[in-house]
Every structure is written in C-alpha cells, then in structure tokens.
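J.: Sequence:
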Amino acid sequence: MRVLCWLTAVSSSAHAFSVASMHGRRSMHTYRDLNSHRVAMDAGVHDRVEVGAAEEGFAAWWEDSTEEVSDRACTVEGKLPDWLVGRLVRNGPGQWRSGDGSRSYSHAFDGLAKLVCFDVAADGVVRFSTRFLRTEWHRQMANGKMPPSVTVGPVTPAWNPVEGLTAALTGPDFDNAPVNIHRLGGSDRWVAVTDAPALIEFDPRTLETRGRLDANATPIAGASRWFGQIVPGLEAFSTAHPQRHPKTGETLNYHLELRPVGGPIAHIVATSASDNHEQPLSRRIIGSIEFEKCGIKVLVLFPLTIPFEKLANGKGFLPQLEWDASAGSQVVVWDIRGNPLRQAKIATSWRAEPCWAYHVINVFDENGLITIDLNAYREPHIATGPHGFAYLENMQGGPSALAKQIRDGGYLRMQVNDFGDPTPTRKASCSWLDMVDELGLNWTFELVRVNDAYTGRRHRYAYGFTGFNNHQGPGGGNRFGPGGAVVKMDTEANPPAGPPPSSIKPRVKGLFEGEEARGEQPSRARAAAPPKPSVSCWSSATVFPSEPVFVGRPGASAEDDGVLLFLGYDTLRRESFMGVLDAADMSELARVHAGSRCCVSFHGQWIPA
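Heads up: the sequence shown is residues -16 to -1, 1 to 593, going by mature numbering (1 follows the signal peptide of the UniProt record, and there is no 0).
Errors might be hidden in some of the hints.
[Claimed, not checked] Straight-line C-alpha distance at most 27 Å; calculated DSSO-like pairs for lysine-lysine:
hint, residue 1, residue 2
1, Lys129, Lys294
2, Lys388, Lys299
3, Lys299, Lys129
Hints in this document: simulated from the structure, not taken from any laboratory.
Given only the sequences and the hints, what does the whole structure look like? Please build it.
T.: Written out as structure tokens, the structure is:
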C-alpha cells in the first residue's frame, strides 16, 4: 500500500473550495534596512566581524529555546501606529532534543510546539510572552524520552523495530502542533494546528493550554462503508492551513483516512465549535474522494508518494517521498455554491505540470475562471533533497552548508475553467510569474500570504520572506549577504503570457513528455520585453525574519494600506523582536525587542483587540 503525499494547503473562494495538495551579477543593490533608511551594500563586500556574527547567530536561531516568559515589558524602537492594538501570536518549534538527551529530531518541523505573543495595548505598551503547548508529547519529551511517532525528518538514533511499530500504531495519540494557529468556526476559540488532525486549544492572551479539542469530536475515520458495515480507519494527515466556509463560517479542512480495507480516502470536513467549553466540537463531511491502492489519483496536486511501510521507520517521511514527474499534478474543486448543509459536488479534475509546494497563496473564482496561486517549486528537492529546507544539520552547519541550501520557491499561477467541460484530459494553465527587482534579479521566497481581506478574491500584492538571498540574475551567481528579507510582490506588474485555459487543447502524446518534462511549458511563453520590477523588500545582513502578517489600517481602501508584522531574529543582539513595516513602501516603522531568543517560527495570526 502506498500513501499519497499530503503536505497540502487549502483555500476557499466565495464559490469554490479548492485543495492544492501541500545567481546574479556583482552590483550595488539597495535595501530597506534598520530605522527606515536606505542602505547601499556592494553585493560581495561585508564587514567580516558582522558577517561572522550573523552566521553564528543563524545557527543559534535553530537551537533549543526552552525559556518561558509571561507578560515581559518590551522596549519599543521607533513608533507603532496608534491604531495597532491587539496581539501577534505565532507558532513554531522550541525544542528538538528529548529531556534525557537520548534522542533528537533532525527536522525543524518535528520540534515541540511553542507559542510566541506580542500584546500591543492602546497606550503603546507591548508585552511579550512565550510558552510551550502543554500536550502529552511535551510531557513525555520534556521529562525524559522522545515518544515514537511518524516524523517529518529522521530521528537520531532511529527507532528500533518495536519503537517503529509503536510509532505506526500511536498516530491518533499524536498531539504536537507546532505549525499554525486558527480560530475555530462559530466560536472565539483558538487552536494550534499541524499537518495532523490534532486541535490543541489555548488561551490567546496567556498562551495557557486548554486541552485537545478533537479527541471528543464526531469521528471522521470509519465514516465510509464497506461490505455493509463501518470499518474504522486511521485519521493520519490534515493541513495546518484550514479556511473558513464562506456561507456557514465553519472551519474547512481535509482529513486523510488510511483504511485497513481499500485505499486511502480523503474527506473535506467542516468543523464548528461553541464558546461553551463544555460542548464538544461538531464535525461533518461535506465531500470525500477515494484513491486506488497505488499511484496518483485525483485531489493530490503533487506527484509524490511514499510506501506505507516507510512511514514509521524513523527515517522521516519527507526524505523518502518518491517523485514521479511523468504523472503530473492534479487539481480538484468542490462546488459549495448550493445548500451548505449538503455534501459538496466534486467537479472533474484538471491535470497540471509537475511541481511541489508547501503553501497555497490564494484561490479566487472570477468570471468562470478559478485561479490558484502557489508558492511552488519545479522539483521537490526543497523537501526531499539532502540540502532541503529546515534540516537542522544544514541550518547549523555554517556557511558551507548554507551555500548548498536549496533556494526558496517561485510564484506559480494555475487557472482552470469553472465546472465546465467534463473532459478527463483537461489541462490547467500554468504560468510562473516573474518576480524581479529593479536590477532584473529574480527573487525567491517562502511562507507567502496576502491581505486576509482578499482571501478568496483577486489580490494584487503578496508578502513573503526569504532567508537565502542567492538571487538569479543575468550575470551568473551572487549572494547578497547572510541575512534575510521580507518581500512584497506585485502580481500585476508582469501578468502571465500564454493562451487562456479554454484554448488549451490536449495533445496526443503524454502531457509531460519531451521538453515539457523539463518544465518548459508552452503556456509559460514570455514576451520579448524584459519583465518590469515587481518586487520590493526590507532586508538586513544581520536579521533573519519570519513570515510577514498583514494587518490592515482600519477604514483602509487600498489593498496595501497597513503594516506587516514579522518575528525577526537579530544575530548581533542574539535577541528576537517584532518588526513593523509599512506595507505600502516597505520602510521600517518600529522594532519591539522581546528580551529573549525565539527559535524560527512558521505561521501566526494577528488577533485584534
């Protein structure tokens, strides 16, 4: 039996629910840097002491950070907008070694979940808190040994056969959720989430853990029938990017069920909660789709699989994923425009070029055309390769290891016709948008998101970060320092060229043979004119930022009228801070110093007061 790759992201538009299943030249370059001033840096010249400290500090960013803090007063450098009142809460790993030191995780995604909060009051006072989620996984690992489980990367030392069997059987008990946070539909209750079904509730003000919510919820596994009876399966995977149902307000996500009889089945699940903490969650399936035992079927975007027996061998499932570019990718859309209490109708699927992505940027349905924007890679080496992102040995290995780091992703736009011709060979239009600066240097990025008010509708701007500035330019390789950047992308500067989806005809040969197998798709043809600048950034040689969170100014009419908040790590001070940027011009407005070092974090949300 083979298990499909489910590092997926989920997005919803007003009418559709789409699952898109989970270098340069030597020159002077201008950056927005500290204190809102412009700093010109030669691409190959840096102060040796500063760069050395930054490289050492980068390694420290990926080390265990077990300190917990409650309501520490922060030092504010610069000026916060008067209207910015609320909390930035972020989620990420805080510990990778077991309490007794006998084992360690090798991939950042496996670390124990630790929340970070910057609480901004109306008088401008900011307080910092950080706490581990008090889960069963934390209890066992912090006090002693690492509990066996299916892991993203290898564990050191690897599980023995008995531990491997235990890891395979204890999947439902897994409750470590170090990836994102989400407000459950129908309530004001916040949960930490990961790429497993666990929902860990916490208090967004104190960060105290309230408990696991999904344990007593309506079961999803076993909801399908075989041989006239219910045969329970195992809820194995979900996503860390649930969305809200545009009609009912319910939380939408998918759950992958591994069944003892038949192949895996994916359920699109709507979850709602009450503010009454005594009342259990309500979950209902609004759509399901079944897979064959082997190979790729619908719903999965990425042509990756893993043999079931490899899930619990202690080597991690990411490096063992098997890539089949010839299979291509697929997109499936659920139509939820009808009665929201009934199961959604599955439209036919579309074939797409092979790619890999951790994140969907946005999905919107406009004039019968569904657009799916991905932060994508042409190949999956960022996840499966020896120099992929977030392997701790690489992140702590110094300049030589960092130089081999796979670059961040690009901007891939897929488009499909809205529930039209049911031809099974239909192909999605795929175009890679040029994201270049004023020098013509191509930027890569990760953890990209948009102004939340534009989720599910056409957006112009997207925001991300990059920690590996090996930009691809006309002149051949160059690296702009060891630091990171917060990037703003204009999707309208260089619209994709090529025919619209309705004009694309299926070919007699396989869709991905010949030149197309190398990623040279006809729908990606470029105009003769060079691309226009479409990227602006804030950057520092000694700061490593995280995912930027857009917060709109109250009453704003412009899409980029607001600020970007990010968790930055100052490698010289060995201290983390909340950075505040003007989203319109990417200038720095303020820096709120935490007084502590936080580990790298993945995702977060702004919770207004």
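J.: Okay, which hints does this one fail, numbers in order?
T.: Per hint list: zero violations.
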